[in-house]
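Enquirer: Using the sequences and the hints given, assemble the complete structure.
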Amino acid sequence: MSSKTAKPILHSAAWRISLWATLAFACGTMLVFVFLHGFVANDIQRRSDAWLAGEVEVLGDVAERTPKDALYDRVVGEVAELAGKEVPNKDVSESSSNDSVFFLQTSGGGALQLWVGAGNGEANLRAIRASRIVPDHPTDLDVHGFAVPFRVASIRMDDGSYIYLGLSERDELRVLRSLRLRFVLLWFLLVLFGFGIVFYTTRRMLSHVREITEAASRIGHSDLSARVPTTAQKDEVGNLALTLNHMLDRIENSMHQLHTITDSLAHDLRSPLTAIRGKLEMSLSIGSHGDQAEPIVSVIEELDRLTDFLNKSLDVAEAKADALRLTRSDVDLDELLRIMIDLYEPSMSEKGLRIRLQSAGPLKIEADAALIHRMIANLFDNELKHLPAACTVTLRLTVEDDSSSLIVEDDGPGFDPEVLPHLFERRVKGRESNGHGLGLAFVDAVARAHGGAVAASNRKNGGARLDVILPLFANSAGHVNASRKMTTTSSLQP
Amino acid sequence: MQLLLVEDELDIQSFLKSSLEEAGYQVAAASDGKTAELLAIDGVFDILVVDLGLPDMDGISLILKLRQLGVRAPVLILSARRSVDDRVRGLEQGGDDYLTKPFALAELLARMRNLLKRNSPTGNEATKLRVLDLELDLLRREATRSGQVLQLTSQEFVLLEYLCRNAGRVVTRSMILDKVWGMRIQPDTNVVDVHIYRLRGKVDGKGQQPLIRTLRGVGYVLKDR
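Residue numbers (this note's numbering), protein chains in the order written: chain C, 1 to 494; chain L, 1 to 225.
By construction, these hints were calculated from the structure, which means they are not laboratory data. Small disclaimer: the values here were computed from a predicted structure and weren't measured. One or more of the hints may lead you astray.
[Said to hold, decoys possible] Stretch-level coverage of chain C by chain L, calculated; a stretch enters the list once three of its residues show a Cβ under 8 Å from a Cβ in chain L: (1) 266-276; (2) 364-375; (3) 378-387.
From the three backbone atoms N, C-alpha and C, an ideal C-beta is built for every residue, glycine too.
Expert: Written as structure tokens, this is what we have:
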């Protein structure tokens, strides 16, 4: 489970959702600001234009009325300078030199007649001459030597001269710049904050989903009595948990019923079997006459086979329904195989069979020891019963990722191709087989109950091959891996 | 030996009672938990044989109750359930044993003997086992018959040792699998027979009295007479 929490945040759904949501939010607010910025800029321009138009008219008026004597320049110049001090949007801090406003009067011939402002006005005059300035329409004017353009309004006097009043756009641009700066700062904080909120809430919500997933996967393997965690909220996630729990209730119920049925079936059959077997054994010990003993002995042997059949078919039935009850402990497969070989070797060499084990040493898995013992015994029985003389059985035990892999190969005739696709179904057996066809079904059932898988195939150069994969740990993800691996190597599972 | 048999199936109870009596036990039988409790309080028993499925209570609860009442005798549990309950395993660790139905009578008797032996303080463990002219040196892991050393593998020695320890008594295939190989399995092939057959080839030489006898349908016995 720890591997899931350690998963990098960048790959989580919460991260992606918050990233996209934040992107949309950022774009939206940016668009709104662009619109607002345009509106504010327009408004500032409109106001300075209105001021320019008003002032230039006043100056025109003053120039008109002032007699063209020696004092004319001083009077008009002072009025113009006064006007320059009432500039809108003016930055109060820098009042020293007034270079944000200029006043310029040209004579009818276009020569500089009167100049008020910074410098000598030559550059301004050249710029005015270069561009056509229509009276009553304030226009932008780039003047050489000034970084920011001027907004210039003009008026034509009756005597054919022109009065130009220029206002630097510096203050206007400063206002807009500070607006932009503040917005970007605020916008950045807002986006960061929004991302944080979205990420936190989606992560919280999705962590519920993750908890449910983890709990649900645990339930499948260990016990059915556990439930996924529910939340108090009645939202989608809360409903998901409730629905899952309802489903688990129903599954647990039917599983319980299955256990009850198999248990009572087992019980009802076992008691009479016990009584019959006991009585037969007693009669065998009382009157052990040779001719009478033989049929009794064969009946006892038949009973034992019947019991074995009963056990196996109930186990297979339960395992098929994923209801086999496991009591897990550490099982060393390597040691188990060596003991099994020791047990089976005499019978095998009696039949002319050889057996080899390839193993890298102790290999412990968490499994139900009794079931694994019976499973391995079934594999050995299967080889012992079906292989003709002079064959070799090879067992290979390896670890792959978090699963153990046991490969049982022989160089015998292999599986009957007709039977191969149905090998792990109940009562499927080869034509010459005299078993009850439960052996491999049981092997498959036990492997599945442990979250593993079994696959059968025929080797290219003759002989049968069985792959048994068992996860190393009860809760390892080997369950999924093993099943996936199996389906790629062969498609035998019905 | 006083024995308390708790089994609700009368059919099984009656044959168990008679065969246990034949084996030399004095048997008191109860067919439900209540009766068993009363019997256990009144009498002193050396061993108890308890079926898990009783009409009025669970066999495990009965055992726990009897333990509380001060009954110290070992208990052999009979179970018709398929998978062995964890609680039964717990009891098994506490020195008791279990058998699943159907079982061989020989196995029931052998397990009871084991429980009784475990319960009674034994003297120092012998280092040599002797059955007729067969002798096993447990320290040197060496077996001799009439003074002749037998060439046994270590596994064959363990098997012979098990037969010697139960000399004169029947041992079943599943008992051999359990005690010699440590597995409760039921192979549908004759793996145990082949081991016995090989062992017999080494132990019972030509002209010697055969020691290892096969009781078909039951198991094997090492003759001690």
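Enquirer: Each of the hints needs a verdict: does it hold here or not?
Expert: A quick look at each hint next to the structure:
Interface restraint, the stretch 266-276 of chain C with chain L: holds (9 residues with C-beta to C-beta distance below 8 Å; minimum three). Counting residues of the stretch 364-375 of chain C whose C-beta sits closer than 8 Å to any C-beta of chain L gives 3, which meets the bar of three, so the coverage hint holds. For the stretch 378-387 of chain C, the stated coverage by chain L holds: 4 residues have a C-beta nearer than 8 Å to a C-beta of that chain, and at least 3 were required.
The structure is consistent with each of the numbered hints, conforming to all of them.
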